[in-house]
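Q: Here is what each chain is made of, one letter per residue.
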Amino acid sequence: MTHRSTPPYWKRLPAAVALAGLMLVLLIPDTARAQGFGVYEQGSCVMGRAGAGVATTCNDASDIFFNPAALTGTNGTTISLGTTLIAAGGSFTDDITRQTTDLQNSPIPAPHLYASYGVSPDLAVGLGVFVPYGLATEWDRTFDGAFEGYDNSVESIYIQPTVSYQLTDRISVGGGPTIVIGNVELNQVADLSSVPLPGSEITFGEIGVPFHTAFADSKLEGSGATGFGGHLGVQVEATDRIRLGARFLTPVKLDYEGTATFEQIETGIPTIPPLNDILGQPVTIFPTLDALLANQFNPSNEDALFVEQDIETSLTMPAQLVLGVSVDATDRLTLMADYQWTSWSDFDEITLEFEREELTQTRQENYSNTNAVRLGAEYALTDAVTLRGGYLFNEAAAPDEVVTPLLPENDRNHVTLGVGWQTTDFLQLNAAYQYLGQNDRRGRTRGLAEGRPDTNGLYSFDAHLFGLTATLSL
Amino acid sequence: MFTLRSRHLTLFLGLLVGSMLLLAGCDDDTLTPPPVEDELFDRYVSLGNSITAGFQSNGISPATQQAAYPVLLAEQMGTAFNAPLLNAPGCPPPITNPLDSADAGNGDDVVCALRDTPLPAQVNNTAVPGAAVNDLLNVGQGSNSNVLTQLFLGGRTQVETAVAAQPTFVSMWIGNNDVLGAALSGQVSEANVTSVDDFTSDYTEALDALEDAGAEGGVLYGVADPTLIPHFSAGAAYFALEDEINAAGTALSSAWGSFDVDASCSPAQQGTTTLVPASYGLFSLFATALAGEDVTLNCADDARVLDGGEITLLKERVAAYNQFIQTEAQNRDWAFIQTNAVLQDLRDADDIPPFPNFQDPEAFFGSAFSLDGVHPSSSTHQLIANETVDAINAQYGTSLQPVE
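Protein chains in written order, with our numbering: chain C, 1 to 474; chain U, 475 to 878.
Check the hints yourself; a few may be wrong.
As the list claims (entries may be wrong) - A short list of chain U residues far from chain C (calculated; beta carbon distances all over 10 Å): (1) Leu627; (2) Glu685; (3) Ser732.
As the list claims (entries may be wrong) - A short, non-exhaustive set of chain C residues, derived as facing chain U with CB atoms under 10 Å: (4) Ile96; (5) Arg98; (6) Glu206; (7) Ala216; (8) Lys219; (9) Ala449.
If you're looking for bench data, these hints aren't it; they were derived computationally from the structure.
As the structure is a prediction and not an experimental result, all values here were calculated from the model.
A virtual CB, placed ideally from N, CA and C, is assigned to each residue, including glycine.
Next comes chain U alone, as it looks inside the complex (with noise of 0.2 Å):
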């Protein structure tokens, strides 16, 4: 009797060890998301001005803040990736044809399309057009805060919006707007670019928080010398074609004035030696002779021409960052990008032309920059992008493919 007890007793117990069994170990892997190419990138985040951003023909949109080149990196990177998007049509709306003054959303009550809903949870592009080095730390007053640093960032520094998104890895193109400002404005000096210390001290200090945030590698880039973008020509391009835009101002208006360059910019004077911002030459001067008055280019007396000792100051500044900068990566094990030797690369394949283009206002200023001459065109952004590629796989041996 106990005999036969004891045997069901058995097969009643294995019957429970089974199915206990039967509950372990039900791993699935389709429940988690598919690994980036490299657990370095499991959270990319960038730092940045309008470049980053995404800023092209003065103004902003969500299609051109998907064609900047942290976003085309991120891709490569097979890592999720939020920019802070705005509705269509931006904020303000990129320009259509410089040229033209009634352009796209300027006729138009929308001023300014607000940020696109549903918000992602983490923004990861942390840039805002206007920062300079400062703003990584710094918001509201006393900073280069505008309608777009709220709409980014809404109250938060980019420092603070990157440690949020916990970044693995990181990149940072800052700097520009610390010299850019004096350079479009013409009146270059001591106290409206920002000093080498202090440059230092916030860069510093914007990077050991991301450290401290986790980060474990990243990609700097140096400072942009605003003297070999398409938005300065020589005062001599300007001597050199004032038939051709007397013709181009003619053609555009019947109220066209005159536009009279003076020998000042020759190449015997001081043609070879200035610099003239589009801001100026053509924004100021173009416009105001297309409305009808003459006016006059002179190399010598225009206070918005950059003179030698202006351009000697802007370029030996930007050489201070970037030896600043570039030790900063070395330091840290980070890739750096040498912008500059991209932007001589595209001066010297005629990708930035000496002089604006007015046979083609959709190239303007060239295909490697927009409408604007200050920021890169998509085409750029994707040669950064691929620029990055190359420097972070030869500083992380990672294997990150070229974007086609």
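Isolated chain C, as found in the complex (with noise of 0.2 Å):
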């Protein structure tokens, strides 16, 4: 491909936003799964110090996200659109039968587009689409943890319409509303052992169908829940070397609203016995005990559990703060340090309500606000082409008791390497490699229950990401 002489800008901006918008919508729909819940490689050139930045964004309108008063000083348009590649492989080791079952996610790519546009010298606006929250994990239908889910997702997409000002000679601020678009899905199998006998309180557990017998597989779906939050930064030119920032992302309450579906699954348990001997009562003689479930699932018997119906449920997508500092050690070498708390006790449990009450159930989260440190280096090897590494530490949200097949966590290190090329004026590519290396941490596959250990087995986790993001200048 041959430069032609570039066309004046106002010829070039629809094109640019309508290329960009037609990427967006086909990332966006039903991929922008992100593992782990918190997602923050929002740009591949701050991905590559580790997501340090608070202090010293990336000139590529990433700022949205990375520091929303550092629009300022931006000439013309600018408009960046990339994709984070989050290659995750996991697996849990039972205790007792030393099996190992593996994560089955495939490589899952999490969007971004900013764009922004230099109104004066001191005034900036811009316009964000990122996902900070999502998580995916996929295990075969039949893993011990299926009962607590076996292919699980939640996205959340964050809207920001931003203005960013500079205040004074030294300090800028920004900020912006966020609307935010959740999905979430849940994947389950449903255990018999647990479900009372039809017409009784007595579980069929306790008449002795073996723990972790399927026999109905549930899917729980709510998309488009809408919530409304806000997103302010600030930074502060110290020295000429030093530079200050800090961001605070409000919690977002989604109310989801959605449907939850059944299809029975074969238990071949052959017939029960008459059991009105030992409960008391009469019992029906079930003609087998599938015949008998299959009722449940029948959407003409008004009194059936599992059948289509409403579901609602809410999740809090937490707040982030952000505080950091740059330090420019020569004049092609900047190194930042960012410290970030998020507020995931916000995620203190989950209750799933269902149209048919018998079925709602509520889900102890009780995470805990975590900590994240982020180290990062810059290096100018040439005008053109920029180097970049990074390490970060964060810790943990999960406490022991709720370590799931939904989100098998832990304490993370993660190091990272990325590249910066100024190909012309007009494009710029930044690229990242990141590694997320994940403590081993116990965990369980089984329902909390008093006279059962709390954890069952060993989760281990890792992942490679990829993120390339492209910035056109206009």
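Starting from the two chains in their separate frames, assemble the complex, guided by the hints.
A: Quick look at the structure:
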């Protein structure tokens, strides 16, 4: 391809916006899941420095996420479009059987799109679309943990119009409202042993049906939940070499309305003998157990529990507070350090309300607020090529007893490498690689119950992340 | 200028490599469970009947389930082991006095307590009271399934339940019920004891399935000779103790009738060649006399008394089963327990009395057996566990410690 002479700015803008918009539409629907509930890889430039950059962002409009105060000083229109491909691997090893089951996740793209426009040297506006919270975990349906969830996803798409203003020579502020669109999905296998006999309070488990006898496959989906919040940032040039930055993203509560659907799984358990004697009350003599259960899936049976029905739930996307400093060590080397606090305690419990009230369940999550430290460095190798690297540590949010197949997380150490290349005045490319190493953690594949160990095995997890962002300066 | 740059670059890359090395190698032994005594015992399952399930004194409760020999053995192995525990008082609750019909649980409406929850993830003790060898592989119609089969296995067979627990080590003590029912009824014939062919084919199929499921070792127990258990007493014992039986009856009930022992039960006639099950001599005849009737035990005519021919058939059949079981154990390099040698020792030591002890209803059938005279007491379960420890150590070179 040969370079043509650059057309005037007003001719280029519509085409670029249209292209970016099309790419976003192609990327976002139902693939915009990301592993790890918090996804910080919202731009490949900052990703290369392990996410450190609240004090010194990249001039690629990703400031909208990394510090909304930093848009000031931008010239003309800047559009960044990119994606982070998250290839997660993990496994669970059962204490007793010693069997290891692997996570089935395929690589997941987490896209981002930013556009900014410099109105004047002191004022800039922008619009960003990113997915700072998301998770996807896929396990085999025959996995013991499938009773907790085997194909699960949460995605929260943030749309943020942003204004940034240079208050003084050294201080800029910025911010904007966030419009959040949330989708959630939980696929679970249901355990017959925990379900009461029809018309009784006695559970099938109490009459001997083995633990984790699958009898139903349930899919719970909620999409299009909308919530509102805000994002504020400030950046201070303390000296010629030292800058400080801070940003705060408010928590956003999302109320989901959705549908639960069920499919019967044959248990293969033969006839249950007449239990009148032991139950002390008349009990139907079941032709076969599966035939009895089939009635619970029959939409024309008014009392059937496991029929398509409405569900409701709420989740709160936590707040983020980031404080950081950057130092220009030399003309070419910049060192950065960020501290991040995330209000994961907002994620305390999830109540799934079913139309059939008997099915309503509350999962205790009891997450703790977390701290993270990001250390990054950026080195200008030439005027056009920049090298980046970083290290990041973040704490686990989940307490021991809720380390489940849904999100088997723990303290994590990450290292990153990145490169930026200003190909032309018009196009900048940034690429980054991140290795996410997670300490092994004990967890469970079963519901919590007094008299049963809280954990029954070991989760291992790690991920490779690849980021690529193209920035167009118009 | 270039030198300065590359020095920074070197420092920067050095820091990166250093932090990567920090991430490597974070194995932590505290995250995995402590190893069991020997890998062989990683997952132990037991199959069997009422004895293995922990049935005692005509009942089964969580306490008797936990006193069963496989539970004791698993503790010595240091391996996780789940019995299908019932709620208290059990199903049915064990009796506490064999001569008192209004015993624990019977007075209540509670006929059967259900399973304790939360359920264990795996059931390791798959034994079910009443199970004969064909019940290892069958459940429901045509089998000896009962309420406890449902409560313990939930519709699966013993072998299916055992295979689901992915056993590395297996114990199996089955076959007693293939002859015991006939012995207790006093009507022993080819028609109501399991044929050797049927026995061996079911037994082999069960063992093959367990080995296919990954079992690397195991222990097999010989079938108990019913004539050795304290539930059976010689006709001559009744004959010798006729006065004591009547004295005990008078002491227990003001309505006492009389208990006559016919001369056919004397040592001179058929007293030493017949066996009277307690279910007949005591829980039927004696109980009837307690209600005021006059009863007579006749060793020549009473259908429920085992005669010489019936006793011979029982002993020969048990010997044939045990010959086969011992050969199976040898062929598979598994351990084997001579159950009847243990019982004979208990007889010789008088821990199995020749006749029930009316003076001590709490040890009515002696210290080695529970109050039904059929099922071993907790002390005998410990003895069996220790016999098993010795047999396993001898077979596999392991160093399991005896139960203290």
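Q: Take the hints in turn and mark each one as holding or not.
A: Going down the list of hints, with the structure as the test:
no.: 1; hint: Leu627; in the structure: 6 Å, violated
no.: 2; hint: Glu685; in the structure: 18 Å, holds
no.: 3; hint: Ser732; in the structure: 37 Å, holds
no.: 4; hint: Ile96; in the structure: 6 Å, holds
no.: 5; hint: Arg98; in the structure: 7 Å, holds
no.: 6; hint: Glu206; in the structure: 4 Å, holds
no.: 7; hint: Ala216; in the structure: 17 Å, violated
no.: 8; hint: Lys219; in the structure: 25 Å, violated
no.: 9; hint: Ala449; in the structure: 4 Å, holds
The structure is inconsistent with the numbered hints 1, 7, 8, although it conforms to all the rest.
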